[in-house]
Amino acid sequence: MTIAILVMLGIGATCGIILSVASKVFYVYEDPRIAEVEYFMAGANCGGCGFAGCGSAAVGVVEGKTGPSVCVVAGLEAATNIATVMGVDPGTAEPLKSLNACSGGDRADDKFIYNGADTCAAMTALYGGQRVCSIGCMGKGDCVKSCQFDAIHMGPQGFPVIDEFKCVGCGACETACPKGLLSVKTMSQRLLVFNQEDHALAPCQQTCPAEIDIPKYIRLIKEGDYEGAVNTIRERNPLLLSCGRVCPHPCEEYCRRGLEDESVSINQLKRFVADYEMNSGRRFPIACAPDTGKRVAVIGGGPAGVSCAYFLRRLGHHPTIYDAMPKLGGITRYGIPEYRLPDDVLDWEIEGILNLGIDVNYDTCIGKDFTIQSLRDEGYDAVFMGIGAWKDYTLGIKGEDLKGVSQGINFLSTVASHPEKTIPVGKRAAVVGGGNSAIDCVRTLLRLGCEKVYIVYRRTRKEMPANEVEIVASEHEGINFQFLAAPTRVIDDGQGNVKGLEYLQMELGEPDASGRRRPVPIEGSETILDVDMVISAISQQPDIGFMEGEPDKENITITRWNTFDNDPETLQCSVPYLFTGGDVATGPSLVVDAIGGGRRAARAIHQYITGEEITGTPRSLRSRHIPESLFEVVPGVIKSPRTPMPELPVAQRITSMSEVDLVISEADAAHESNRCLNCCRICYDPDQKKAQDQNAA
Amino acid sequence: MRKRSFFGLSGPRFNYELATAAVGDPVAIPIPETVTLYIKQELKRTSSILKVGTPVKTGQRLVLDEGSEICTISSVTGTICAIAPFLADYGRAWTAVSIKTEGKDTADTEFAGASEPPSLDTLNRYLAACPGEPNIGPLMDERNPVHTIVITGGNSDLLIDTSLYVLKNNADAVNSGIEILRKTTGIEEIVIVVPEESVQNYSGHLDARIQAVSSRYPYAQPLMVLHHLTGRLPDERGMAPMGVCLIRAEAVAAIGQAFSTGRLPVEKTITVIDKNGVKHLARARVGTPVGNLLKTFGVEINDRDKIIFGGPMTGSAIFSEDLPIGPDTDAILVQDKSVIPLYSDYPCINCGDCVRICPANVPVNMLVRFLEAGQYADGADLYDLYACIECGLCSYVCSSRIPIYQYIKLAKYELDRIISAEEMNEQ
Amino acid sequence: MEYIEIIIATIFVNNILLAQFLGNCPFLGTSKKMETAVGMAMAVIFVLVMAGVMTWLIFNYLLLPNKLVFLRTIAFILVIASLVQFVEMFLKKSIPALYAGLGIFLPLITTNCAVFGVCVLNIDKELGFLPALVTSFGYAAGFGLALIIFAGLRERILIARVPKPLQDTSIALITAGVISLSFYAFRGMV
Amino acid sequence: MNSKKMLIVSHAPFWHDGSGIPERSYHTIIAALPAAFVGIAYYGAPALGVISLAVASAILWELLLNYAGKRPITVGNGNAALIGLLTAMVLPASAPWWLVLIGTFLAIIIGIQIFGGIGANPFNPVALAIAILMVSYKSHLDFDTALVNFTLDFPSTTDPLAALKAFGPAAVEDLNPVDLFMGRQVGGLGSSCGLALALGGIYLMLRGIIRWEISIAFIAGVFISAMLFNMADPVRYAPPMFHLLTGYTLIGAFFLATESSSSPVNFIPMLVYGALGGVMAVLIRNIGVYVDGVIFAILLINLINPLVDKIRPKAIGKVA
Amino acid sequence: MGEMIKMVMVLTILSVISGGGLKGLEEWAKPKIENNVMNLVKGPAIRQILEAADNDPVEDRFKIKDGDQELNIFVGVFGGKADTVVVESSANGFADKVGMVVAINMTDDTLRGMAVTTHKETPGLGAMAKDDPNFSAQFAGKNITDSFGVTNDGGQISALSGATITSRAVCSGINQAVDTYNRLKPQLQEQIKGMGN
Amino acid sequence: MAKSIASEFTKGLWKEVPPFRLVLGLCPVLGVTTSMKNGIGMGLATTFVLLCSNILVSLLRKVIPAKVRIACFIIIIATFVIVVEQMMQAFAYTLFLDLGVFIPLIVVNCIVLGRAEAFASKNGVVKSTADGLGIGLGFTWALGLLGAVRELIGTGSLKGDVFGLIHWDVPNIFGASFEPFGFAVQAPGAFVILGLLLCAMNLIPSK
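Residue numbers (my numbering), protein chains in the order written: chain A, 1 to 697; chain B, 698 to 1124; chain C, 1125 to 1314; chain D, 1315 to 1634; chain E, 1635 to 1831; chain F, 1832 to 2038.
Hints are computed from structural coordinates only; laboratory data are not their basis. Among these hints, one or two may not hold up.
Unchecked claim - Straight-line C-alpha distance at most 20 Å; calculated DMTMM-like pairs for lysine to aspartate or glutamate: (1) A:Lys24 <-> E:Glu1637; (2) C:Lys1191 <-> E:Glu1637; (3) D:Lys1318 <-> B:Asp1033; (4) C:Lys1288 <-> A:Asp150; (5) B:Lys741 <-> A:Glu197; (6) A:Lys145 <-> B:Asp1042; (7) C:Lys1157 <-> A:Glu63; (8) A:Lys97 <-> A:Glu63; (9) A:Lys111 <-> B:Asp1019; (10) D:Lys1318 <-> B:Glu1018; (11) C:Lys1249 <-> E:Asp1730; (12) D:Lys1318 <-> A:Asp109; (13) D:Lys1632 <-> B:Asp932; (14) D:Lys1632 <-> B:Glu933; (15) F:Lys1846 <-> C:Asp1248; (16) D:Lys1319 <-> B:Asp1033; (17) A:Lys111 <-> B:Asp786; (18) F:Lys1893 <-> A:Glu36; (19) F:Lys1898 <-> A:Glu30; (20) D:Lys1384 <-> A:Asp118; (21) D:Lys1628 <-> B:Asp1042; (22) D:Lys1632 <-> B:Asp1019; (23) C:Lys1191 <-> E:Glu1704; (24) D:Lys1318 <-> B:Glu933; (25) B:Lys741 <-> A:Asp110; (26) D:Lys1628 <-> B:Asp1078; (27) A:Lys327 <-> A:Glu351; (28) C:Lys1216 <-> A:Glu613; (29) E:Lys1754 <-> C:Asp1248; (30) E:Lys1731 <-> F:Asp1929; (31) C:Lys1249 <-> F:Asp1992; (32) F:Lys1898 <-> A:Glu36.
Looking at chain A on its own, in the form it has when it is part of the complex:
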């Protein structure tokens, strides 16, 4: 026993002493990270990684020759730790995922028959490849071959399909694709993608102000993946319930099916999935990037502000909304009547967004409770200005100060702020204007018990800027239209109340710069409309009275339309920390424009507060279209009727504020989504081929 102990003592002590002395004597400086990385490796020096031992592997990691998951023995946990040492994203919080832009594949036409090396790269080297579409997938699968993780396979349509669960975001496919169709992006980067000329975009997506990937969400609806569809919309538009109800859907104008048949009812499909989520009883989870600790003040809780705050939050920042009203929603709540967008729907939607971790200060008004400067002083890294356009233009005629004369937005918001909806209204009312808010006013008046309601508009029905559906609906509800009528004065009953509205009859003259024919008054055609209430709803402008008290007002430039001067690409104002969006940036516009603006501003703010260079989107496609994607004819379409929008019967709806437009059924949604041609830039799935495939099957 003793000898054994002594021998071991000798060996142990000798080894220990030699090693510890040697470690001092032969000390060589190394990057300290090498030791840290090595600490997390298995230390078995097994060589399983292909490096000469753990030390070499650690050097490899530090020198960037290999990734953090190099050690096969130590497993996942060690990989995470090593990634932390290296400052590489460990791939848990914001995983990089590969994304395929082309959804054309086989259906895109060929320009020649290719014979040669079986790789996309080689094929692309010959006259840009065989596809006519300049960004079409070649389908030879260079990306499939490049993927070490078996996450890409060639789909049945001849373009690669990515398995998001297997994808680790290594970026091999991105480099492999000669056409640059695959891009590896984090969720944040994906949220901030804006349409560009060289993107694979369907005409509808090019048109959408919020740039929603419409073909994708319709495809997902077709496949029954409603959650996927909702998430697709949410990547671009947080207010899908509201937009599903109030959006005038410019996208449908550009629907390729519309050229041969009726266009796909895109907005109803959006509303269908949005309502599906609301009625399913659970909120589909929304992922947010890891916290960055940056704070942003968002002034105004309307669609622009909410959208901006939502995207900032998903990018990991901390937005705080300041709103003058007791509830968020801005114009969508206070300017759009209950029967179009019910309050509880809006509440549900906004709650979901605020649940992501957005703080709100209600009833705090800029100019009174705070200034832009005070927010800066509070330590916000950037400020978003989204107060909208709430100041109505006045008619500028005599008698506007009479009792019974009010202004559109003012009127609508008063109605909206009284939940019991018992606003005293006159018996006969005239609303001046032809826009959506005029229609909203008349239809609201009707519901509030007004007996006879006129719309007074100085041009004809054809020129009315309001949505066609709205006009039709108000016609159904029995609104009287007084076209080609220019109000000249409000008539006093002698006690300061309205007795009537005098207007001048007009006729259409030569077209003006906007292409509309200019109304020309007919001399001596004054007519009096017998009303006791007049609402002017001609247009609005931002109310920027608070700027008077703003300390930094010298530097903040205001345009002559009372909007904040900004770079239209980045929405940055004349002071670098201030960004803007929505009506206050553009003048009165669509809700969906404001949402798009909020996202654009969020991108610029993100760049600003993370210290990046603030850039616009290169080759941006804002309000432009890719010429080659606009067709004259669309061969292969078999006519199929568009799903009509279900509505409440007229008798029911004019007696209450309940919602007029109803949601389509699941079967109708399936039908409607099947009508989609699943367009890409220049290719699409013709119905004829679908029918053939079905027959064949």
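Following the hints, put chains B, C, D, E and F in place on chain A, whose structure we already have.
Then chains B, C, D, E and F, alone, in the frame of chain A:
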């Protein structure tokens, strides 16, 4: 197409065409209704100068933007009818300018005013897009001075007569071109490389040193000539550091002609080889659609045929009859679908035919495996990618029918991209 | 003559990797590139000879006289580990050039069964000092030879169109199997 | 767009010499057939059975793996049939059906397919299969035991190499080289007739399908090393001609060592490769444990093929 | 410096604990192991070569000093006469040492038999030394005055095919056993006297 | 917590089972698996060492200085290897003879040292126990499987026992006329069969 001989011990032997008396005079091709010219520059949205409807004259210099060096020379008189981006081989983004011709051919006078005295700038400005595409760029590169100008008198591929024909019949123009080059560049060392069997046709007639090379393919390939003269081949940095500038005989003739007449030449001599292998010589305006030439010689094109710009070993197949001939198109080769060899998806079986035929001693069998696997850098480091002189003989003999030459070109192109991307990153 | 026989036996006939199955992990790990394989082969030869000598001395002069044969596992591994670490540190500081070519492979050797296994085999066979030295060298050279051959083959296999489930380790093992089979050729030659 | 003609676009060159893998395979089969016919003539129906089964099963294995791996069907290139034929030719005529099946399985699947199909195999598939069979089923591949039930009209009814191994050169010295060359000896059913094999080999060399350097170097390697052994001790080691004409020497030299994907392509490496194979074959026969060393010798040279093939002429224009 | 001391200390203490513990374990296990070796390895082999013996040779064993080594000697009783001793021996084989037992008839100095006990030879080749009865049978009855060797080296033992090394090892092992026997013969005779009966 | 311990245990059984998923510790895998019995015996021996060393390393992880930790781990592992060696000689001597030099070689098995360094030196005792046991048992079944396959193909039968506790004897599974494929139990066969098994494992997803 030449098949393998029954006894496989000896490799195939190809010889270049030697301009013989049998080659007749070129057939003049009428001026087409529209010509299309390429400006070798990407079209960014719109051009600031050229618009649809702009009138142009023959010999007018066309550029996309003010001050741009890259130009083309209008070969006809007419009006511009279309400007579109064009994607050439290996991702080169060009701009195609189509001109609708008018009845009368009016010559532009800008060059006549600028041609005296001849200078490198003038050459670069007006002649870079002339028939034969003189390679002026390297002569202007001050960081990498050129010490030798090599005029490749031989044809760059089999079956083609163009170059030697020009050299033989335009000796005067070539001589004055050489003189211009001497004068403008100050380079004394100008070498004309011709196949050895034809040396006696030229020696004494031409005002430069005549260097004979074997008339066996691929000894007149540009890279092979370069190796013959310098003992080296360009590496991944390209030709620039080698101090040698290669110019085709036709380009030299064009230079000579331009300065002696004061008008920019706009006609190109082309060898047309039809489906039966019959050769015709033609002269056509640069930019004439291929279809016009083929129609003149009664060549019918069907689906799945192949039209090739250039010769059978190094040419480039095109996808439409409407594509125009360029200033560098020496030949048009048409193949019927019944004779087109198809590539297959077999891997290399290591038969070694390629290695034995390779004039550059490239270990093609290993190289192609690495290239197929996409390991371009390893291929260059371990298996002499840059020793390849791009003759295409390996693909010609490959039993597995691997498009080896395509892989090699692709690898060089991809490596080039990687290197330039890295340089971008470093900056 | 005896030593030549030992060398042939240890390199070819009784190859440590292919017949004795020792040292397989680095065999698979370091054979992907020829450069690595050569470095590893050199490092193994270097260390194995040193370790063979050290362990032989320890066993015959320390353990055997004290009847502590059972402690050889712990004693050997400790000695080998310390030796390797010491040499590594020494090279890194004193001969950086050698370290870059050979030293970086040293850590792989601590847990290389081949090194430890050969030391144990030497003792088990009760070899004398010189035969033990030659045997160690022979085994190490055999290891290097197999590694270099394997790396040569593997360079080609790595770029071949091996079916997906067989790629990498799986096909490498099968190749190693065939190499091992080929070495049957040397059977009975000594 | 549709009215346009669809032209074929490919990269240069636009000519091809017309050679292809199927041609190579079929010509090699043609070259191997005479030797196979000699085997059938000597051993009768069983030999024919082994050959047909081997060829059929080889094709079947490849077909199965093509389907399993969802890869293009490659049996049309004749390579599987060739491998099957060669496998049969080295087996004894008495090989039971299952042995043939296992043999072709090993050759096609382990030998070629799992490495990625034709061209990817680092080892000669036939040599690999036979080597595995040799170490697994010794008795079936020992010609003396295997062919015990055959009545053969040969000068000696024992395997000459086995006799040499067991009893030394004295036991085989009265064997006539002409008889051996004509295939009148016990051995693999298609590998004993030197004449037929040499004819086939010369045909392949002339066609350029196999490289003459390898075959000649192999034969020279066998001859010279056998001669040296014989000179050193004629009592223990047989003369070179004997080694050349017995066993698998000639089939190895012409058909196995020359298999393209496991052999070098450069001149010097081919000579080294072939010669080393010949020397190893004689070494194993003379001092190793196996009766015939050709199979293992070929596997061994396959191993060093990637290494020796690195010896090659300098590429042009290369500075270093 | 403190850290260095700690390093050395920890290493040393661990070594010491390990060494001490293991020694204890070894002492406890030693008899068991010896017993195992006797019963499981040598026993069967010895019983096999001395199948005809009247006694159980494994029971009847004794130890004898040879220099500073202790050797196990087993005794076989034939026809009531203890005339056979079994000596252990080993030699280097192909992979590792080949252990064997050699039975020697003391009356006429011939081999009564031998058997391989432990080896790590290749299955099918070297391992046949243990498994192939024809091989070991060659030795029975040979006179120990001859040196044993394989035919290749000019001896009389035909080697196992493909396992010349193993065959050589067996021969040299027997030669060693014979040496030992010759050296210890007087003591052995002394010991076995009185055994049997 | 309970769930994570369970997952530490089960990951070794399937998701990270050496040597199929973590291609490590190959020497014993190839060397001793000529039969199922040997495979399981070797696996259990390794499991014992793995378990004990994991526990001890985990207990001592705060005491051991970082610079000499590898040396210390090696001492700990080597000690347990000797324990196994002695115990096996005392209680399963025939198995010890079959496994031969591979028992002391457990000390250089990458898996053992690797788990000690990568897991036990950074985790608590309970987790380390679960990890050691899981990986060890995973190793055991992998070795057993490989042994069984080789024994079956190479001899046509399965026969053996584990420390005399469980016996199995399945003769002539493929019928009496089966001629065993001797390659399987020889050295090269070990590589090839392990390679093919790995391929089979790759076909089964790890989730």
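### Message
If you test the structure against every hint from before, which numbers come out violated?
### Response
Violated hints: 2, 8, 15, 21, 22, 24, 25, 28 and 31; rest satisfied.
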